[in-house]
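Q: With these hints in hand, go ahead and build the complete structure from the sequences.
Residue numbers (my numbering), protein chains in the order written: chain D, 56 to 578; chain V, 17 to 308.
Among these hints, one or two may not hold up.
The calculated lysine-lysine pairs, modelled on BS3-like cross-linking and capped at a C-alpha distance of 25 Å, are [claimed, not checked]:
#1 Lys414(D) - Lys334(D)
#2 Lys526(D) - Lys113(V)
#3 Lys216(D) - Lys454(D)
#4 Lys217(V) - Lys526(D)
#5 Lys527(D) - Lys217(V)
#6 Lys526(D) - Lys260(V)
#7 Lys550(D) - Lys276(V)
In case anyone wonders, no lab produced these hints; they're calculated from the structure. Keep in mind that this is a model prediction, so the values were computed, not measured.
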Amino acid sequence: MLIRRRWWILCAACGITLATIGVLLMMPNMYTSEATLVVLAQQVPQRYVVPNSTADLDSTLQAMKQEVLSRTRLLRMINDFGLYPKKRKRLAPEQLVSLMLNDIDITPLGERPQERNFDAFRISYTTDNALLAQQVTSTLTSLFINEHLRTQEEQSTNTTKFLHEQVAEKKAKLEDQERRLSEFKIQHMGELPEQEQGNLGILQGLQNQLQNTVTSLDHAQQQRMYLQSLLESHRRPAPAAGGTTMPVVAERNIPLTPLQTAQNQLSLLESERAQLYAKGRTKDHPDVTAINREITRAQELVKRLKAETPLEPEHVAGISAPAPPPTVTDDPAVAQLRSQVESNRMEIENLTKEENRLKTTINQYEGRLNQTPMREQQQAGIVRETEALRQEYSELQKKEEESQLATNLEKQQGGQQFRPVDTASLPLVPSRPKRLKLSMTGAALGLALGIALAFVMELRDTSFRSEKELKKRVTAPFVLEVPVLQTRGEERRLKLRYMLEWVAASGMAFVVLIAEYYVFKHG
Amino acid sequence: MSHLRNLFNPQPGGQKPQRLEHLSKVVSPTSSASSIGVAEAPLPAAAAVAALLEFAVEQAQCRPENRLVFQADPRSPAADRFRFLRMRLREHWSAGKLKTLLITSPLANDGKSTILLNLATALSERGKRSVLVIEADLHHSTIAADLRLRTWPGLTDCLLDPSVSPLANIRRVEPMGWYLLPAGEPRRNPTELLQGPASAKVMQKLAESFDWVLIDSPPVVPLTDAIALQQFADATLLIVRAGKTPRGAIEQATTLLGPKKLVGIVLNAVERRNHEYYQGRYYNDAAHNLED
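A: Spelled out as structure tokens, the structure:
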């Protein structure tokens, strides 16, 4: 088949090869200038100064590309360097920018650049002028370096500024919270949990005082009874004092009236209550509550009986009336007794006032102690919020300080930066087109195409070429081959044709070889 | 093939090639039946009949372009292929099953006429058998023209006028030694003529008179003449051309002709390396020596 379709193969191979070489020779030489930049880490160890920028190099590089290779910058470079002079007349600015982007190449370098793990990158620019390529590459390199520095510093400064604002805001909130806590304490002074122990102590003291006062009052009342009894022994007994019920002492051989009995009972109950207070019982104590009820009933009884019974000065309960002043005719002993009774009355009055005051105060402190748990809970919430704000403020302060350090380092150009390892090169050899490689590829493609065409032609040819083929397809009693019947002239012409074919093929191959050699030498 | 030149380009003043001289001894345009006795070997009955009929002789001007390899270079490998074909056909002839052979092809220019002429020459066995070639391709008859024979009435005349004996229009073609009934005057309705009632009578009469009747027909696919002529033939030989006749045409032709009458297929113009055929030349030379 290959021999039969040899001209298809030969013509396709030679034609495409020569066409490829022709096109390649017409294409202008393109030169590529390259520069290599390495990424330097910051000069101060990170354990001392934490950088503000934590983006990986790949992201940084992508951001740089967007910034440096922006439409505005590229157009400016095209105008400054006079790039694409012919195409500038017919292409739109966007198309020129697109052209330039195709000619610029930014390639990461490193062990595994495909995994975004690299520490250097290469910038290259390709154009048809070697010197121009170098200039553009050099400009791009400078742009990358400067832009990176500016971006790093700007980012760090912005970070510091932001943190500073956050710190101020947090501080204001913290102060506000502290003021709220202070107001709470002021508002509920006395009920605060830290004052509980104090309140308890005071209450204890008050209760002791009350007990003492009650005891003293009890003594004073007893003293009064004694003095009154003495006074009565000299004369008729004075009427009992109001207020605190004093026991009525029955005269000899004179029975107590119901009123007197009630008064005595009342007095007894009051005495018992005083004793309970002296023992430290509060007013909420069940014993105290019970005795208060009895006292209330006794007081009501006394009132009722007083209302029913005519008033007799010697049977009226209550605070003993002041003793009549000693008359001239009184006995000095009586006068002394009267004086003692008077002082006793004053004492009892003071003690009673003291008792009431103490009771009031005790109630007040008991009320405070009752409010303390609730205040404690309220205060804990405010304190918790305050502590949280304080911690946030502290953290922000620390971050601000770190950011400020990093910013200072960036300003001194001590942070991460790009440094050129290889400056923009001046290309002496064209980078493209790779004429030899492309021409060989063209030859291979031509050959492949020729063979493909030969196959296609062979497939399209449904005729038979041998007895064997025909027998496979057609059923007949016999199949016989007859060779080509050629005349002498046809034989000669055939030989001549073969010779010419050889010459032509050799000529074509020779031309292709010459062309390939030319490409090799000058491509 | 070099012999062809010697045969058809006689030396000035030189003798005629041996074959022509030999053949001229057998039959001459004015020879009578008695001149048959000049032949070196007795002829079979049909040939004797043909000889008795005193067919006129026509001298063919064979040129290399006619590719009569069996005539020009009988020792060539190509001639061997025709001998082989003759052998296969003779098997059927000997059994009485084959006498009239229709030679056709799927399409035009498949080499049908060339094969027919060579086969006719091979079958005639140097005059031992009477072989009649009927030029039945009335649309495009080429045999007489290719051999530069003068024109004379032929098949169409016989079909149009039943009173005309087809034998009267037969000529013996020298130096090949077979007989030819040409196509005759071109007519407008060749297909109708072939399918008419006179065709059968003509074919029958001709078959009775000769050992072999080879009918050169138009191609099968474009025309129906071959199908019509097939009824007059005992078998059909299909000629296809290597590297040219499409598979579809071959299949269509075999379908049209049917399997019953198809005796074989000749793949013409096969391009082979010469040594595959020349290997048989040594043995064929020996065979030729024996035959001679």
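Q: Next, verify each hint and record whether it holds.
A: Status of the hints after comparison with the structure:
With a C-alpha separation of about 14 Å, the suggested pair Lys414(D) and Lys334(D) falls inside the 25 Å cut-off, and the hint holds. Restraint check: the Cα-Cα separation between Lys526(D) and Lys113(V) comes to about 24 Å, which is no more than 25 Å; the hinted pair holds. Distance check on the hinted pair: Lys216(D) and Lys454(D) sit about 11 Å apart at the alpha-carbon level, within 25 Å; holds. A threshold of 25 Å between alpha carbons decides the hint, and for Lys217(V) with Lys526(D) the separation of about 37 Å lies outside it, so the pair is violated.
Of the pairs offered as hints, the one joining Lys527(D) and Lys217(V) is violated, with about 40 Å between alpha carbons and a cut-off of 25 Å exceeded. Distance check on the hinted pair: Lys526(D) and Lys260(V) sit about 17 Å apart at the alpha-carbon level, within 25 Å; holds. Taken as a hint, the Lys550(D) and Lys276(V) pair is broken in the structure, with Cα atoms around 43 Å apart against an allowance of 25 Å.
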